[in-house]
Amino acid sequence: MSDDDFLRVTDVSKWYGEEQVLHDVSFEMDRGDVTVLIGPSGSGKSTMLRCVNRLAEAQEGSILLDGEEVLSPDLDVDELRREVGMVFQGFNLFAHLTAVGNVALGPRRVLGLSETEARERAEDQLERVGLGEQFDSYPAELSGGQQQRVGIARALAMEPKLMLFDEPTSALDPELIGEVLEVMHGLVDEGMTMLVVTHEMSFARAVADEVVFLDDGRVVERGPPEQLFERPEEERTGRFLERIASHD
Amino acid sequence: MSSATRPATVRERVAESDRSVGRLLLVAAGALFWGWLAVSWVNRWLGGVLVPVGQPLVPPAAVEATLAGVPGLAAYAADAAFVVEMTPDLARGTWLTVVITGVSLGLGFVIAVPLAVTRVYGRFSSWVSLAYTELLRGTPLLAQLFVLYYGLNLASYVPGAVSGVFARDVVWVAILGFTLNGAAYQAEYIRGALESVEEGQITAGRAIGLSKLETIYHVVLPQGLRYAIPSWTNEFVYLIKYSSLAGFITVPELYYRADQIAAETFRYTLIFLVTGAMYLALVLTASKLMVRVEDRVAIPGLGAGSEE
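Chains as they are written, first to last, in the working numbering: chain P, 5 to 252; chain B, 478 to 785.
Hints listed in this document are in silico derivations from the structure and should not be mistaken for laboratory results.
Treat the hints with care, as some may be off.
[Claimed, not checked] A short, non-exhaustive set of chain B residues, derived as facing chain P with CB atoms under 8 angstroms:
(1) Gly677
(2) Gln678
(3) Ala681
(4) Arg683
(5) His695
(6) Thr746
(7) Leu750
(8) Val751
(9) Asp772
(10) Ile776
(11) Pro777
(12) Gly778
(13) Leu779
Just so we're clear, the structure is a prediction, and the values are computed from it rather than from any experiment.
Built from N, CA and C at the ideal position, the CB exists for glycine as well.
Chain B on its own, in the form it takes in the complex (with noise of 0.2 angstroms):
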């Protein structure tokens, strides 16, 4: 029996390993790709404390000469310090690309828990929430996006005092189209959580005196949300890749970047891929990220907990 059981056990801990080697990798990527753009946004910000505003954080010609004297990279010397020379463009574009991101997806979860609570146990309300969530859910993104700004012409009425923060005042008509049309997609996963709530808990509350506002965010929202974490990191995810629709209104994020840079050296695949990199480690940085606050407030019995 033991000696059966023996190379299922070593071929665990080999496999344990290579995912411990795996991590480990994974994590110098992360680290390398975030202290990259850190340095990068605070160079830019403090006025170019470190290079120059606009330069790469290391010579182009630099990386060249150094790949060009290693045996079997000398043939990517020219294309790596090509990218190297667009480092700057892309941090730039990534910088709003997170913002554009992390606001809209804050905003439209502050309006995507009233919209699945009035749906779940609205009346009349359930029926606005309805119409608005299949409104923009079934309208393409980037439509909403040009009725917005070409349409309203909405960055028009952007008060000049907040412009400048971020940057043009064009990012926030992206922001709220991203709000607006993520608080719809939010509002959905949470209701299906919401509605795996046992009734019970929700006649206790009520037993106890609590109204039914007080019982939907004492008893049903802190599992509801819980629960709804894991499908909510989805919208994250998909929200990182569709924040690039942006660029469309001349928002100047990573991919309007990449596009530009491409179009003007023609090197598409090569930006691209790079570009593609970039948004992959958004993504996994994201989902990372959101199971690290799944396991943080897992509670003993409630949901999917700790399960990967």
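Bound conformation, chain P alone (with noise of 0.2 angstroms):
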């Protein structure tokens, strides 16, 4: 564990009342890692990475990004999301703006830039998630891959120094999921920090530099795909892992 690390999550814990959803959660990231976390639902994936962008609030231990204090009280969470882009399982477009709406707003409203330039902004980035297309198309005009990879964009045109996506292809039909997991690829190849929830073994066996495994909010195992994935150590791992092959 080096000083430097671009993400380093230690001793996380969350509680929702009574019930406590993460028990000391800790890993750590490089700039440009990827990191996936897997695991059975409920097992508070989807927690731990809301509290990295203070989605969700956690009540105990340490969340460093780039060297600042993510959980600190005094922290400016706007500022904190400006740099941390999401992207969402239900893609939660804004269902009043067209694509180029949806992706102009943060850009226009947060960084301060003018209409014209949001909007040149936005049609790139659309453009690299392969929607050059649909610019002026309304969500509901848009099939569920196309609003997914309008999300990303929408993420991206922040220009965020670390990505978070909250099971990206969960609610997409199987044959969508290809389109969302090429856009990934490509933030991939383009050495993008990512932190991706996600049941998609095959990306996370193809471009992750660490799974991590949750279960009953704690990590049971973490480690490199190939390690994880072939040779699990603890045998919760390998079971969960059993469960998703057979479904596949």
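Make one complex out of these two single chains by using the hints.
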């Protein structure tokens, strides 16, 4: 564990009321790393992800991002979120705005770009995710895969230093998953630092620098994908991977 | 198969043409109503350029003479002349009804939006908003007007500078009353609409670094206000009719004028039939207008859209 980890999560715990949903979760990432969080539903992986941009509040532990304490009460949360992009399972696109409108809103209102600059940036980002033809389509006029790509473009338009993906393909029909994964592969190739919650084991296997297996709010096992997938040390990891595999 | 569906198609076509005839009649009636009002108002503002102020646009005697010569309508000629006789007063009253409704609705909206937002997203302010809404919705509107007019004697505080613009000072007391009361009702409609905006979009707004208020302004309101249009139209329509309560604090709007004429002539049935028809025309205009607005701002996939 080096001092210059880009993201260092240390002993993070969280309770919802009486119920503890995260137990001393720790892991770290370097700049440009891809870390994939896997685990059964309810294992706390989405909650862990949301603690990183403070959409969920961890009560104990430390999350250092680029040397800054994310959990500090003095932190400007909006400032943090400017630098951390997030992609949601349910896309969460702004239903009243076109694809360009969705992507341009952050640059326009948060970064203070002019109308024209924000629109140009939005168009660039939409082209980056392969939606050059859909600039003026409303979310309801787009397929699920296209909507999720708008969601990715919306996060990218803020030029984040870290991207969080919360089960980005779980709400998609199987034939639409590929186009979203393709965009994510592209980001990996560009060197984006990504923290990904997913059930797409093939994606994890292909691009993850580290896979973290969470169960019941605890890190059960972590390691490079080839080790975790081929030779899991913990019995629970093996059982989970078998269950997932039988569904593929 | 095709022969079985044909009668239905024909019926649909007949229904379609019926609808368009109906629409044409409605548009014609509306044009006549608003044309008459506009000409009457302009004539009065310009000091009687067409006919002397207070005179009907067409002479009642001429109307009576014309109808008397038409078989079947002759029996109604005198009534028609009487109605024409009172049109200048009704036009004056309608102007105030339109002004009171329009201004109160607009000002009420300005208050209603923050009320609804604090109600949904506020903590302490949510209780303040709730208390305001329940108080104003839970007490009679007429009682509220009486408190403002008789109780607080607000009419005496209205500066002379703004009096005479639309009418007497008391009009502003009525506008204040309808604004405060209407805001409570509008807030309820808007609140319901805001709550139907998906939570996930708010999360997404926060996730790109918008503050809570910015998210409400840029994400929630544009959608919520669109959702609110159909139910908000109800408040518009109610207010047109409730504005008649202003007559009880001596505002000479449409109802007050009609009541005065009726008291002098005892022709209650005829006068309130005509007055009722005028309220109906105002209400129909309002609801058609709002359907237009809803269509104009409709966004694919958002809310009911162009459903009638």
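Here is how each hint holds up against the structure:
no. : hint   : in the structure
1   : Gly677 : holds (4 angstroms)
2   : Gln678 : holds (5 angstroms)
3   : Ala681 : holds (4 angstroms)
4   : Arg683 : holds (7 angstroms)
5   : His695 : holds (6 angstroms)
6   : Thr746 : violated (50 angstroms)
7   : Leu750 : violated (45 angstroms)
8   : Val751 : violated (44 angstroms)
9   : Asp772 : violated (15 angstroms)
10  : Ile776 : holds (5 angstroms)
11  : Pro777 : holds (5 angstroms)
12  : Gly778 : holds (2 angstroms)
13  : Leu779 : holds (5 angstroms)
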